[in-house]
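J.: If you want the building blocks of each chain, they are given just below.
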Amino acid sequence: MPAYAQWTAFYTMLRKDMVRIFRIWVQTFIPSVITSALYFLIFGTVLGSRIGQMQGVDYMSFVVPGLVMLAIVTNAYANSSFTFFQSKFFARSIDEMLVSPMPPWLIIAGFVAGGVIRGVLVGALVLMISVFFTGLHLSIFNLAIILVFAILTAIVFALAGLVNGVYAKSIDAINIVPTFVLTPLVYLGGVFYSIHSLPVAAQYVTYVNPIFYLINGFRYGFLGIADIALWISFAVLAVMIAALIAINMYLIRKGLGLKQ
Amino acid sequence: MASALSIKDLKKTYGNGVTALGSVSLEIPEGDFFALLGPNGAGKTTIIGISTGLVNKTSGTVEVFGHDIDKEPEVAKTFIGLVGQEINFNPFEKPIDIVTNQAGYYGIPRHVAIPRAEELLNDLGLGDKMHGTAMQLSGGMKRRLMIARALVHRPKFLILDEPTAGVDVELRRSMWDYLTKLSKGGLTVLLTTHYLEEAEQLAKHVAIINKGQIVANGSMNEILAMHDDKGQAAGSYRGSKLEEVFLDLTKEK
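Chains as they are written, first to last, in UniProt numbering: chain B, 1 to 260; chain Y, 1 to 253.
The set of hints was computed from the structure by calculation and includes no laboratory data.
All values derive from a computational prediction rather than experimental measurement.
Hints may contain errors.
What the hints assert, rightly or not - Calculated lysine-lysine pairs in the DSS-like style (CA-CA distance at most 30 Å, straight line): (1) Y:Lys94 x B:Lys88; (2) Y:Lys11 x B:Lys169; (3) B:Lys254 x Y:Lys57; (4) Y:Lys94 x Y:Lys129; (5) Y:Lys129 x Y:Lys184.
As the list claims (entries may be wrong) - Computed from the model, here is a short list of chain B residues facing chain Y with C-beta under 7 Å: (6) Met1; (7) Thr12; (8) Arg92; (9) Glu96; (10) Val99; (11) Ser100; (12) Pro104; (13) Ser139; (14) Gln260.
Stated by the list, open to error - From the structure, some residues in chain B lie toward chain Y, with a derived Cβ separation under 7 Å: (15) Ser93; (16) Leu98; (17) Lys259.
Idealized CB from N, CA, C, for every residue including glycine.
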């Protein structure tokens with residue numbers, strides 16, 4: 001497939017997903033915005049005023065990056081897992097791609113791009129909401145780091161969602177992983193607290209949670225403070241992306257769960 | 001003349017241990033209208049699935065216009081248009097989008113794909129339905145939408161897996177008139193169907209498959225010549241010649 005044809009195929013997949021995402025915007029954009037607004041209200045405004053400061057910044061400013069990251073993670077994951085599962089299970093329209101000359105990496109790229117864009121868009125909406133709760137005092141230490149971490153994190157979780165979508169044999173399997181794996185990892189990854197406020201043993205447990213590294217880097221972009229060095233966060237992201245690309249390539253190429 | 005499809009020693013055993021294809025070899029010449037016939041579960045759809053990349057084979061080789069599906073899968077796929085047995089499009093999408101997007105997966109840009117999709121949908125009698133949702137289409141219309149989708153990238157080889165199942169007589173005839181016209185224009189067609197009189201009228205060559213083995217393969221005249229009236233009980237029901245040959249070759253012995 002020549003490069004321009006690959007680009008057209010990629011654009012077709014992405015355009016189709018964008019049309020779907022915006023057509024059902026009440027389902028794709030609004031839930032995370034409402035959930036985040038509630039978090040900001042309860043953890044930031046009500047409880048935050050009693051907590052005071054965390055790592056030298058007021059609690060509301062501390063919690064904003066974590067909640068934006070939470071929105072990016074959940075939306076990127078949900079988008080690719082659900083769109084892939086839907087196309088393979090409900091209408092079997094995945095066959096449209098499997099019979100086409102699109103190579104496996106291009107199919108993966110198409111699904112992941114949709115997840116990345118939805119994740120980043122919802123993250124941006126949550127950030128806009130946070131401005132209201134922080135009284136226009138949103139701190140931005142380094143915009144480039146924020147954007148890089150937002151996009152790389154969205155890529156990681158769109159890839160992870162795709163693995164889930166490929167393996168899933170029922171709609172329950174799409175919901176189990178976010179509920180029992182993703183949500184605990186996000187909540188225990190430092191969205192609401194600095195790991196320095198944990199006992200030493202709990203800090204070591206947090207170090208094996210990959211989400212911690214993503215929130216750490218993202219928060220550094222906003223506040224200029226981090227629990228661990230930024231390069232470690234980048235390294236963890238890079239390893240996760242490489243591993244998930246390899247897994248997805250294997251699954252799509254072999255047709256596991258897709259071909260008999 | 002080159003083969004549109006060349007299959008050698010193709011074997012397929014599914015994960016549950018069921019052998020769908022024993023050792024199948026088949027050649028479909030370019031420009032042919034080829035009927036692959038067989039009872040349910042004979043292996044027709046498995047052959048089609050392997051040839052189009054929807055089913056993994058156990059062993060053997062498949063070439064599409066000389067391109068091996070293992071070594072050059074992307075090139076091989078560009079030649080094929082598939083109308084599958086099951087309805088497999090998103091019913092919430094519009095027919096025009098389904099066809100246009102399919103063109104996009106083959107690398108055809110939208111400014112080329114849209115007029116092409118409109119022309120195909122008009123030709124197949126879906127002109128006034130193309131901007132509604134696909135779920136509003138009748139069964140026959142959905143089949144025609146799948147034909148439009150399979151043709152939008154202008155394949156040289158069209159595979160139709162029981163395309164007229166559940167389609168009324170009038171629609172079936174118009175569908176075959178359309179495909180016959182395309183075949184005369186050089187399109188190679190592989191058809192599976194349970195309507196044997198349809199195959200008898202349309203196909204130049206026939207293969208009959210039973211229990212994963214090709215039991216007859218040749219020109220339509222050669223296959224029809226296999227029929228004789230010996231053993232036929234006087235006064236019993238008789239179908240078309242092809243139907244009688246088919247039953248002779250596939251009945252339980």
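J.: All hints, please: hold or fail.
T.: Each hint, compared with the structure:
1. For the hint pairing lysine 94 (chain Y) with lysine 88 (chain B), the CA-to-CA distance comes to about 19 Å; that is within 30 Å, so the pair holds.
2. Simply put, lysine 11 (chain Y) and lysine 169 (chain B) have alpha-carbon atoms about 27 Å apart, close enough for the 30 Å limit, and the pair holds.
3. With a CA separation close to 11 Å, the supplied pair lysine 254 (chain B) and lysine 57 (chain Y) stays within the 30 Å bound.
4. Distance restraint check for lysine 94 (chain Y) and lysine 129 (chain Y): the Cα-Cα separation of roughly 9 Å lies within the 30 Å cut-off, and the hinted pair is therefore satisfied.
5. Between lysine 129 (chain Y) and lysine 184 (chain Y) the alpha-carbon distance is near 28 Å, which keeps this suggested pair within the 30 Å criterion.
6. With 7 Å as the threshold, the beta carbon of methionine 1 (chain B) comes within range of chain Y, its nearest partner Cβ sitting at about 5 Å, so the hint holds.
7. Evaluation of the threonine 12 (chain B) hint against chain Y yields a held restraint, the C-beta minimum of about 3 Å falling below 7 Å.
8. The beta carbon of arginine 92 (chain B) is positioned within 7 Å of a beta carbon in chain Y (closest approach about 4 Å), and the interface hint is therefore held.
9. Taken as an interface hint, glutamate 96 (chain B) checks out: its beta carbon lies about 6 Å from the nearest beta carbon of chain Y, inside 7 Å.
10. The interface hint given for valine 99 (chain B) holds, since its Cβ lies 5 Å from the closest Cβ of chain Y, which is under the 7 Å cut-off.
11. A hinted interface residue such as serine 100 (chain B) counts as satisfied when its beta carbon comes closer than 7 Å to some beta carbon of chain Y; here the least separation is about 4 Å, so the hint holds.
12. Contact between proline 104 (chain B) and chain Y, as hinted, is not supported at the beta carbon level, the nearest pair being about 10 Å apart and thus beyond 7 Å.
13. Annotation: interface hint on serine 139 (chain B) violated; nearest CB of chain Y at approximately 43 Å, more than 7 Å.
14. Checking glutamine 260 (chain B) against chain Y by beta carbon gives a least distance of about 5 Å; that is within 7 Å, so the hint holds.
15. At about 5 Å, the closest approach between the beta carbon of serine 93 (chain B) and any beta carbon in chain Y falls short of 7 Å, and the interface hint on this residue holds.
16. Because the smallest distance between the Cβ of leucine 98 (chain B) and any Cβ of chain Y comes to about 6 Å, under 7 Å, the interface hint for this residue holds.
17. Taken as an interface hint, lysine 259 (chain B) checks out: its beta carbon lies about 5 Å from the nearest beta carbon of chain Y, inside 7 Å.
Violated hints, in rising order: 12, 13; the structure is consistent with all others.
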